[in-house]
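On the provided structure of chain A, position chain B with the ligands as indicated by the hints.
So the protein lines, in turn, are chains A and B. Using full-length UniProt numbering, read the first sequence as starting at 1 and increasing by one per residue. Using full-length UniProt numbering, read the second sequence as starting at 1 and increasing by one per residue.
Note that these hints are calculated values from the structure, not bench results. Every residue gets a Cβ at the ideal spot worked out from N, C-alpha and C, and that includes glycine. Please note that a few of the clues may not be correct.
To be verified - The calculated label-pair distances, taken between Cβ atoms and stated as ranges, are: (1) T124(A) to G470(B): 20 to 28 Å; (2) A555(B) to L32(A): 44 to 52 Å; (3) E84(A) to G470(B): 20 to 28 Å.
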Amino acid sequence: MKIHRAEEIWLIIGIAIIVISMAITGYQAFALGMAPPSGMEHIDPQKVDDTAPFNNPGVFQTGENEYEVVMTLQIFSFTPNKIEIPAGSEVTFTMTSKDVVHGFQVAGTNINAMVVPGYVQTITQKFDELGEYLVLCNEYCGAGHQLMATTIIVK
Amino acid sequence: MATITKETVPSQSTVKEKIHGMLGVNRQDAKLSLVLISIAFIAFLLGGILGLVQGLNRAGLFELPSWLNYYQVLTGHGVLLVLVFSTTFTIGYFYAAFSHTLGGLLPKVRKMGWAGLGLMVIGVVFVATTIIMGDASVMYTFYPPMQASPWFYVGLVFLVLGIWLYAFGAFINVAHWRKNHRGEHLPLLAYFGVGVFVLLFIGSFGVTAEVLYIIPWAFGWIDTINVMLTRTLFWSFGHTLVNIWYLAAVSSWYVAIPKLIGGKVFNDSLARLVVILSVVLNITGGFHHQIIDPGINEGIKFMHVFMSLSIGFPSMMTAFAMFATFERTGRKKGAKGLLGWVKVLPWGDVRFLAPMIAMISFIPAGAGGIAQTNNQLDQVVHNTMWIVGHFHLTLGVSVVVSFCGIVYWLVPHLSKRVLTPKMNKLGVIQTLIWTLGMIFMAGSMHIVGLAGSPRRTSYTTYGDNATALGWDPYLFFLAIGGTLLIIGCVLMFYIVFHLMFKAPKGETAFPIAEQEEGAHATPYWTERWTVWIILMLAIVAMAYVIPLVDMIFNAPPGSPPFRTW
Ligand code: HEM
Ligand SMILES: [Cu+2]
Ligand SMILES: [Cu+2]
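Okay, chain A solo, but in the shape it has when bound (with noise of 0.2 Å):
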């Protein structure tokens, strides 16, 4: 098998993309704490609403800046709905679904989750511009779909 040069110095171009890549996704994942929502906590999915912290959804101040938002996502809405913050503040999402699978996504943010029965998904971020952002469901959940959404205020 006989490779040409030319052949060669592209393919040594493929392997390092393959690489660099690696090394900045894992970078970020693990030195910066970027890596993507990876909730690995239980619940039974058929008894949200006796378990806690779900049996009590809203938004509770957490720290100075810091605000957790325990959320249920349920056929089509988010609970708590309209969401009020501070600028500059960090807010970490705790999430489960009701029924279906949902998506819980914020839209000019990276914010983007997929929120699944009987796990607890959680991301956070931190809100330093005011204004009004769009929240919704990226996950097909049936036939109101199109309605699931709600707004974070940041004030």
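Leaving out everything else, chain B with the ligands in the frame of chain A:
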């Protein structure tokens, strides 16, 4: 590289086979392939019409009547195009290729082919009926705990059984050929076929297990289901499937195109290595559909970045081989200068133009794929319209336009007719309209997806939300693209059936490029399929055993069924 045990020149075949080769595909085999290709393009037309409905709806231009639901339409679109069209075309194409290159299908295999078709038709009838009745608006991914009618899943079982029968037929035919041609290399196109059927067969294990698990739940015999397990099993198959179509398209780039432009196979050994790598590295890519899922830890997700990216390597080998073939052929025709060879290529010949456009489109499509496989970048675009733009480039252009390119010689070859200059011209127009439509549609899908517009969502402004209203101009371009596409779709439908029943009678050759004179012999280890399959299973085990065991033995309480549409 590995030890070379025995070297032979692949094209050593007996005189008897040369005659067969000239005669082309056996008549009885041709009928099977023509029926499969007909079904493919009927599905293509129907799927295209549903696609237009979606495109117009999403742009806010068309409100669906009350008896038709957007998600029902989208389920139909996905099933028709990504399951029915691509499967039937690929099988029809490779069965013709086996018949042509291996000296006809064995009578037993031909029978299996018809039986496989029967099973697939039964499957499609079940699936289509449940979708039309509104009992299965669950998308082609049918994620539990959404639950369709049990007959939807039963239909899927029939579809899979049909595919398996075709895979067994392929293996039997190839084994028979090898028994009679000891020490010879399988013809390159048949070699691609083996890769495709190995992937179709082994790649469908995951989804088969999934469906067999869902069926008792769908009939109500078990109460709850393990959601993450089903998702993971699904994607081990879903991802493999799209790569199978790509591999089928690539086979025509390697084997037919050099012949059509008057060139030779660039490098037989490297082509076979591409097939091996595509088979070995494929199935594990499925995890990149679950990058932002819970229940899979960050370490495993990181390992899977590598698993997904590695498939880029054979793609780069293909890119090199293609452009090297063009350059070499061009120079032989007297082209000068760095890019002189570009001009001497037969741009006006649709049999070349179509696959060439397919290849070029794979450059941005592949680059986009490499980017979005990296975990944090995926998080930006996951489940947005960006992804829909991505696979309309990879599937809708690279694969579909390659398949259309195959049609222009395969259908007349099978129907004993010829491609007239007039049809060729119509083909060129079709190719350009389709490409332009996809540029509009996939282009705006990418942009609007980056802006946050979600996939699988009917027209909505989320209560006149300013962000959502900002997407409308792009969605309008999406609809323009969709309109061009439906014109291309109808044209292609006409062309296929014209070539099948109306074009002037005559002989059309099955284009199979030969090797360069004095080419290096292909090492015989490329024929060791057991080794490649073991290697593939080892990689699948590496990727899947830990997460699957964890999902099964460390599962949260299961989910009851929901019907939310
Ligand atoms: C007339 C041509 C076509 C048009 C106008 C069209 C349009 C669309 C649109 C607008 C969507 C996205 C809908 C949404 O997410 O809300 C979509 C989804 C999709 N399209 Fe197409 N498409 C066309 C051809 C094709 C072809 C040729 C293929 C593949 C061979 C294809 C495969 C798919 C798949 C797999 C989906 C995703 C379905 C899902 O999310 O479950 N489409 N198409
Ligand atoms: Cu939803
Ligand atoms: Cu994939």
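- Message: Within 44 to 52 Å: is that where the Cβ-Cβ distance between A555(B) and L32(A) falls?
- Response: 31 Å, violated
- When you take the CB atoms of T124(A) and G470(B), is the distance between them in 20 to 28 Å? 26 Å, holds
- Message: Please check whether E84(A) and G470(B) have a Cβ separation lying inside 20 to 28 Å.
- Response: With a Cβ separation near 22 Å, E84(A) and G470(B) satisfy 20 to 28 Å, so the hint holds.
Comparing the model with each numbered hint stated earlier shows that hint 2 is the single one that does not hold.
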